[in-house]
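Visitor: Following the hints, complete the assembly by docking chains R and W onto the known chain U.
Chains as they are written, first to last, in this note's numbering: chain U, 1 to 217; chain R, 218 to 466; chain W, 467 to 741.
Source of the hints: derived by calculation from the structure; they are not laboratory data.
Treat the hints with caution; some may be incorrect.
[Said to hold, decoys possible] Here are the computed lysine to aspartate or glutamate pairs in the EDC-like style, where the Cα-Cα straight-line distance is at most 20 Å: (1) W:K576 with U:D103; (2) R:K377 with W:D568; (3) W:K701 with R:E319; (4) W:K617 with R:E319; (5) R:K320 with W:D618; (6) W:K617 with R:E307; (7) W:K734 with U:E144; (8) W:K680 with U:D175; (9) W:K656 with U:E36; (10) R:K425 with U:E144; (11) W:K580 with U:D103; (12) R:K377 with W:D672; (13) R:K422 with U:E144; (14) W:K680 with R:E388; (15) R:K278 with U:D103; (16) W:K617 with U:D103; (17) U:K95 with W:D618; (18) W:K580 with W:D568; (19) W:K702 with R:D273; (20) W:K617 with U:D175; (21) W:K658 with U:E209; (22) R:K417 with U:E144; (23) U:K95 with R:E307; (24) W:K495 with R:D460; (25) W:K702 with W:E470.
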Amino acid sequence: MNFLKRTVPLVIAFVMGVLMTMQYYIPSRYSQNLLEVVTRWDRIIAGFAVFIGAYSLFHLHWTRIKRRVEGWGYSVFVYFGAIITLIFGCLNGGKFFWSDKQDGTMFDWLYFYVQVPAGATIFSILAFFIASAAYRTFRARTRESTVLLVAAVLVMLGRVPIGNYISHYIPAIADWIMAVPNLAAKRGILLGVSLGAVATSLKIIIGIERSYLGGGD
Amino acid sequence: MRRDTNFFILIGTVGLFVLANIILMAFGKLPFSSDGFGIILGAGITLAIYSFLYQDNPAFKIAENLYVGVSLGYTIIITWFNFLKPDLYEPLIVPLFSSAAEKSPQYALLCPSLLGLFMLLRFSRKLSWLSRWTFAFVVGLGAGISIPRVISAFILQQIKPSLHPVFSGGETFLSSINTLIILLGVISVLIYFIFSVEHKGAIGKMSKIGIWFLMISFGASFGYTVMGRLSLLIGRIQFLLKDWLGILQ
Amino acid sequence: MAVEKYLRIDRRIIFAIITVAVIASLIVKFELPIPASEPVQGIYEKIDSLPQGSRVMISFDYDPSSKEELQPMAIAFLHHCFSKDLKVIGMTHYTGAPGLADLAMNSVAKQYQKTYGEDYVFLGYKPGGASLIINMGENLYTAFPKDFYGKDTATLPALQGVDSLRQINYLFDLAAGTMIETWLVYGKEKYKFEMGAGCTAVMGPDMYPFLQSKQLNGLLGGLKGAAEYEALVNKKANAVSGMRPQSVVHVIIIIFVIFGNVVFFISKRSGVRNA
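The following block holds chain U by itself, in its conformation from the complex (with noise of 0.2 Å):
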């Protein structure tokens, strides 16, 4: 049992690793459609993905509601929307869910005037708190954070038209700011970044990386 458990999925790992890094220095038909079915795989299983998505949220709240935690209430709405948008999709304007998606049904009505203005608003309220944080918590204690400080300054002003009319030199700043020091820092953390996706991945395929087996046996 141990065998399947831990050792089928290393070498489908291994196997599969091997594979993808060889294919794309090998410029041939089989190649190349080998590669078109292991991506069309691998899309199919992501698409497995979203149900895991969608039953760790159900679950979570039908908890909240069967234990009847602080708030439960609240999570019936996260019911009552899923159900009510499910309903309406599944109807699909009277030809039902089997036949092609219609267009101007209730289920686009609920995405337009609830799903938008709701996910849209709830990130606009940053702009309340980072003003407040800017407010109370920018400081340029040490010289570090003065320079932090004046950048940020500098890139505020210079990239809204108002930096024009106080001085030219204000964008122009903002841009060499962003397309010197900006983009070499950016740069030297792209490519840390990338060599330790590198590193990672080989691990992955000798597996020396293992956690996404997750636990147990």
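Guide: For chains R and W alone, kept in the frame of chain U given last:
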């Protein structure tokens, strides 16, 4: 007492919102149609979420949880119409079970379907080990396809412009200086992230320079983050003033 | 300390100031110059230089949470594509995006009397990320056997002559996450199409290495990028009018930062003196 005050504030606000919508519809600012009611619902949800800025309250929580539910429902339905139906149901399930189907079933799809189903067994106590096969396939494939491509696109192609000759003709003096500054920045930031060597002497000085580059970059990112968050707020207020209240043209 | 009390004000006062500033600068109209920056100009010139009938793919990789920044970009870019009679192919990696992408494509196409299937198509959503891109790079029709509306993609005239990503003349990715990097690594690296991107302002600084290495030929960063593109294609809308509050509130936040620091230094100095 405080609870009562908050309750009355909530009821008063809801009352005002209803009154405002009645007036907007009565004066023709909002159409008496599904779109009109949709805009009212959208405005209500927007205001309910902003009410959190005053203090946490039931209206905010209801809007937040409703959003989670609708998003979840939308994701499932879109996954059905855009993925399950065209990629599995129509090419595999329909030809398997319907004699009227024009095409023969694509049996090769059984393999990824099975692996997909194995993944769902993550929640089973007895069979969760089968999900490891799926994860091994996905992770192994991901590692294999990423190694050569990441080296090419993120390492080689990023090193190339940093090694651009300073004087190869055609550049201005300033652009040559900038090329050198970028090279210095990339090297110093990389050195800063090497933790296996003690940051002393020349390495220490270079990593200090790296910190300065990082600070400028974080400053730029902060500036851009302010800009981004504010843009979202502007968009929502444009919705309220334009689509709902009809004040802006 | 008397001055320190200004730092401890109720944060709701700050919220109110920001709200009033945004509303007032949206209502009070004043002109602000919106010159196009080099990265924005890069995308505009590329689209301008494409011959009629060239195929442009737009990947709508965002959901409602980034809609206010990226939807204006999508609309301005679509105006440019349709006015130049380019064939537009839309798709998305995000489950939350199809509605927004569908709305943007259909509403702009209608203004130019473009026909669905002939002048533009919307392939819809597919999961997979990197694998989807490679699948599209090898065979577009196994990646998307049907479009968003369930039509067989092999029969759509707008896709005639397109077998894979290799036949795409330009790819424009509108991204709220890491999809630009994914397109670069798994798409552009092998299938060699030209690529530009539009991203949220938060991601903007991360894209500069790709601009210098010419992996991206241009970039629209945040609402400012959208406003510049709206001005370039002469379709001034929400992004351009949004530049007024954007400017005003940036100045207010800078004043907040300066004021906070002045108070901080005054209180620090008097603290040292008292000690």
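Visitor: Quick one, are K680 (chain W) and E388 (chain R) close enough, alpha carbons at most 20 Å?
Guide: Cα-Cα ~17 Å, so holds.
Visitor: Holds or violated: K656 (chain W) with E36 (chain U), Cα cutoff 20 Å?
Guide: 14 Å, holds
Visitor: Taking only the CA atoms, is the gap from K702 (chain W) to D273 (chain R) under or equal to 20 Å?
Guide: 38 Å, violated
Visitor: For a C-alpha distance cap of 20 Å, please report whether K495 (chain W) and D460 (chain R) respect it.
Guide: Between K495 (chain W) and D460 (chain R) the Cα gap is close to 18 Å, so the pair holds against 20 Å.
Visitor: Could you grab the alpha-carbon distance between K95 (chain U) and E307 (chain R) and see if it respects the 20 Å cut-off?
Guide: 17 Å, holds
Visitor: Decide if the proposed pair is consistent with the structure: K580 (chain W) and D568 (chain W), CA atoms, cutoff 20 Å inclusive.
Guide: 14 Å, holds
Visitor: Taking 20 Å as the top limit, are the C-alpha atoms of K425 (chain R) and E144 (chain U) close enough?
Guide: Roughly 10 Å between the alpha carbons, so the hint for K425 (chain R) and E144 (chain U) holds.
Visitor: Straight-line Cα separation of K377 (chain R) and D568 (chain W) no greater than 20 Å?
Guide: Since the Cα atoms of K377 (chain R) and D568 (chain W) sit roughly 39 Å apart, the hinted pair is violated (cutoff 20 Å).
Visitor: Can you confirm whether the C-alpha distance between K617 (chain W) and D175 (chain U) stays at or below 20 Å?
Guide: 46 Å, violated
Visitor: Are the Cα atoms of K701 (chain W) and E319 (chain R) separated by 20 Å or less?
Guide: Given that 20 Å is the threshold and the Cα spacing comes to 48 Å, the pair is violated.
Visitor: Is it true that the CA of K278 (chain R) sits at most 20 Å from the CA of D103 (chain U)?
Guide: 30 Å, violated
Visitor: For the pair we were handed, K617 (chain W) and D103 (chain U), check the Cα-Cα distance against 20 Å.
Guide: Judged against 20 Å, a Cα distance of about 14 Å means the pair holds.
In this structure, the hints that do not hold are numbers 2, 3, 15, 19, 20, 21 and 25, in rising order.
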